[in-house]
Amino acid sequence: MTRIVVTAACDADLVADANQLAMALAFGPEDARTYTGLNWQDGAGRTYAAASWQVVPAWLDLAQSSLVRPAWDVGQIIDMDAAGRAQAALDFWAGDGPVPQARPGVLVAVAGMDGRDALAAMGLEPVPMDPLGEEGGA
Amino acid sequence: MSWAVREGGAWVPAMKRVRLGGEWVPGVVPTFDPATVFANGEQGFILDPSDMSTLWADTARETPATLTGTVAVIDDKSGRGNHMTFSATAARPQLLQDGTGRNFLRFNGVSNAGSTQEILSASKQAQMFLGARDFSGGDSNCMLEARGFFEAPGSWRIGVSSNRRYSASVRMAGNNNRYAGYNSPIPATPDLAVQVFCVDTTQTANETAAFIYNVNGVDARAEAAGIFTTGAVAIGGNALIDLGSRAGSSLFAEMDFYGAVLRYGPNLPAQTVSELEAYMAEKTGVTL
Chain A
1 MTRIVVTAAC DADLVADANQ LAMALAFGPE DARTYTGLNW QDGAGRTYAA ASWQVVPAWL
61 DLAQSSLVRP AWDVGQIIDM DAAGRAQAAL DFWAGDGPVP QARPGVLVAV AGMDGRDALA
121 AMGLEPVPMD PLGEEGGA
Chain B
1 MSWAVREGGA WVPAMKRVRL GGEWVPGVVP TFDPATVFAN GEQGFILDPS DMSTLWADTA
61 RETPATLTGT VAVIDDKSGR GNHMTFSATA ARPQLLQDGT GRNFLRFNGV SNAGSTQEIL
121 SASKQAQMFL GARDFSGGDS NCMLEARGFF EAPGSWRIGV SSNRRYSASV RMAGNNNRYA
181 GYNSPIPATP DLAVQVFCVD TTQTANETAA FIYNVNGVDA RAEAAGIFTT GAVAIGGNAL
241 IDLGSRAGSS LFAEMDFYGA VLRYGPNLPA QTVSELEAYM AEKTGVTL
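Chains A and B supply the protein sequences, listed in that same order.
Position 30, counted from 1, in the first sequence is what my numbering calls 30; the numbers after and before it change by one each time, with no gaps.
Position 42, counted from 1, in the second sequence is what my numbering calls 42; the numbers after and before it change by one each time, with no gaps.
This is chain B alone, in the form it adopts within the complex (with noise of 0.2 Å):
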């Protein structure tokens, strides 16, 4: 595979990129497989636009999608069978490509929303990984939701929220069913973002059960906001999840969306998170 990235206005071939001492460095080319961190039969999923062997035109899957044409299916490649299906016609986003060759999927903010199968898990560690442009100019939004946010302790999203350009909250139990989260202001961030949101809720204080909120690399929870209670609960428990709106009826997304990964299972070695970090960055040409 050959990667590569824009810097300094040149092409340059792209160099892993991974943390020492807080900081990112160059590594060597990637060959990181995100597939490998559902080995252990991990729920969740991996949505790449950039495939298009596992984009479809149909809900049967019958017919590939083409660019500049409508998505009806994003097949997972987890190997979990939690594909993102556009039912309704007017819910299917369009298949675009940007100036670099990088395919994304354009939501329209009025209909366009998927959801998957309703996936099953107890486990109350959770990693999301987001690569997605927004372009609601502050209109709240739900870029990527469990079904039942404001029902479910342990369901969790990213999106917009309230003129805040990207949050990320999980609703923990007691105290009233309040959240731990993370909001970034608009002004620190820029439109194209790979956002990186781990969740582990048998964590006792506030501040560890989100632990990780890096926005395009950058940790962004000294912009914390709302964070309160506490309680183990678990993430996801039953739901589907949805892509682009709150359980297709509300809160649609305007965004470029160019791929995400969601995992529930145990925390991930700080390493393989960089790993899955940096993959998101390629896809969207983000440099960390």
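The following block holds chain A by itself, in its conformation from the complex (with noise of 0.2 Å):
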């Protein structure tokens, strides 16, 4: 089965709504952590959350395409109005023209890139963090 790697970034203020939409697309409540931690960064240190999946390609119509409540959520957990924030603030990149840069209040996609390649692409590097903390050590 062909599989396509989507990877996708946004900015604090939509990592709610990013986290609603990815529920919206994908396959139960799980997804709702699609989102999580502000590992990534732009050149001018704003950051960023991040994730990268693969797909079918179908599944790159369907990200575009009016939502629709999926029918695992029979308990409507999910917020469609805030999937539906996310999915209007979706900047989608698929092979055509230079590929958007990551900015606040977008959620831009990446298709057909690996996940780290696709960050750069974007214009995003990791945030330096030292696993162990200011107290140093091993």
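Honestly, the hints are just simulated from the structure, not real lab data.
Bear in mind the structure is a predicted one, so any value in this text is a computation, not a measurement.
Note that CB positions come from ideal geometry on N, CA and C, so glycine has one too.
Hints should not be assumed to be uniformly reliable.
From chain A, some residues computed to sit far from chain B (all C-beta separations above 12 Å) [said to hold, decoys possible]:
| no. | residue |
| --- | --- |
| 1 | A58 |
| 2 | W93 |
| 3 | A94 |
| 4 | D114 |
Residues from chain A that face chain B, not an exhaustive set, calculated with beta carbons under 7 Å [as the list claims (entries may be wrong)]:
| no. | residue |
| --- | --- |
| 5 | T34 |
| 6 | A50 |
| 7 | S52 |
| 8 | R116 |
| 9 | P126 |
| 10 | M129 |
| 11 | P131 |
Put the complex together from the two separate chains, hints included.
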């Protein structure tokens, strides 16, 4: 089965909405934790959450079509308004033209590159982090 | 079971390697079963991506995983039920196979991350065996970590730290909660490594608290950095274990994961440590 890697990034203000969209386009309530830490930064030092996953080609159209509550969400846990806001903020790149740069208020998504390559193409780099914090050590 | 390793460009039957006088020497064809180290009720897990019967494509564990697809659960083979779960779709690593036919899980360094249930243990000794390839390029990450590393004495981690390839640490009590552990500089180790980290926090000397840290069969403690305090603390306590990140939200690892054994329990005999090390070496294809 053909699969495509999709990688997306957004700033902190959009994380909650983006996680609602992730649930609406995926398979269960676990997807509410798709975007977690603000581990990436742009050249201006603004931070972003990112996620990267595999999809079948048909998903690319689904992500840009009118949202429908998925069949699994019988309890209506998805905030479809929030998901709609995230979708409206989507800047989706699938190979044509320059890769859109990560920026506040926009959910930038890139299809067809490995996760870290896609984030680099968006102008993002990892936020430096010491696993042991300020105390240092091994 | 047929075992083979590549030596001098040719495939030859693998020989169990045991330590004699500090040297690895050929022994007999291995029959070691890692589950035996859990025979007395010890806590922990065995994660083995080479065993397809333990890999699931969904968190309900109804659909078997397939090569090139993603994995949602790795069953624990220790018998303790500490399965590794990758909940969100974006958390799931891809199941691949290397040129030698060995299965591994590729973690993308962006959002792939798994965790177990909380593991209850009052043990002050623990042993970790990890087979993984780091391709982070030196970015810090957490390959295997007890949740709450910053908060809880006794918690531990194995990963990449500050432009050093591979480090292992356990957080000790007292003296501002510093650490005992080791860094291994990047030039000293290959990207594919079997790491063995054994901890005994009942020891009173810093250097013996983390008393084994081997990278590919080599004692890596000579590269020690940041060895600090001491103090008996429980390892693990009541913590879940993260694979490939810190708490699923930071320090995501770019790694190929070949397997892991974690055991909370009394220190193992040196022979058993060597057998577990050899087991993990066979899973990764590393020659010790």
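Checked hints:
1. Residue placement check: A:A58 keeps its beta carbon more than 12 Å from all beta carbons of chain B (closest about 15 Å).
2. Distance to chain B confirms A:W93 as a non-interface residue, since its nearest Cβ pair spans about 16 Å, more than 12 Å.
3. The non-interface label for A:A94 is consistent with chain B: the shortest C-beta to C-beta separation is roughly 18 Å, beyond 12 Å.
4. The Cβ of A:D114 does not lie farther than 12 Å from every Cβ of chain B; its closest approach is about 7 Å, which violates its non-interface assignment.
5. Interface hint at A:T34: satisfied, since its Cβ lies 5 Å from the closest Cβ of chain B, which is below the 7 Å cut-off.
6. With a least beta-carbon distance of about 5 Å to chain B, the hint placing A:A50 at the interface is held under the 7 Å criterion.
7. Residue-level restraint check for A:S52 holds (minimum Cβ-Cβ distance to chain B is 4 Å; threshold 7 Å).
8. Taking 7 Å as the C-beta cut-off, the interface hint given for A:R116 holds, the closest approach to chain B being about 5 Å.
9. Interface restraint check: A:P126 against chain B, minimum CB-CB distance 5 Å, threshold 7 Å, status holds.
10. A least Cβ separation of about 5 Å between A:M129 and chain B falls short of the 7 Å threshold, and the interface hint therefore holds.
11. The interface hint given for A:P131 is met, as the beta carbon of that residue sits about 5 Å from the closest beta carbon of chain B, less than 7 Å.
Violated hint for the displayed structure: number 4, the only one.
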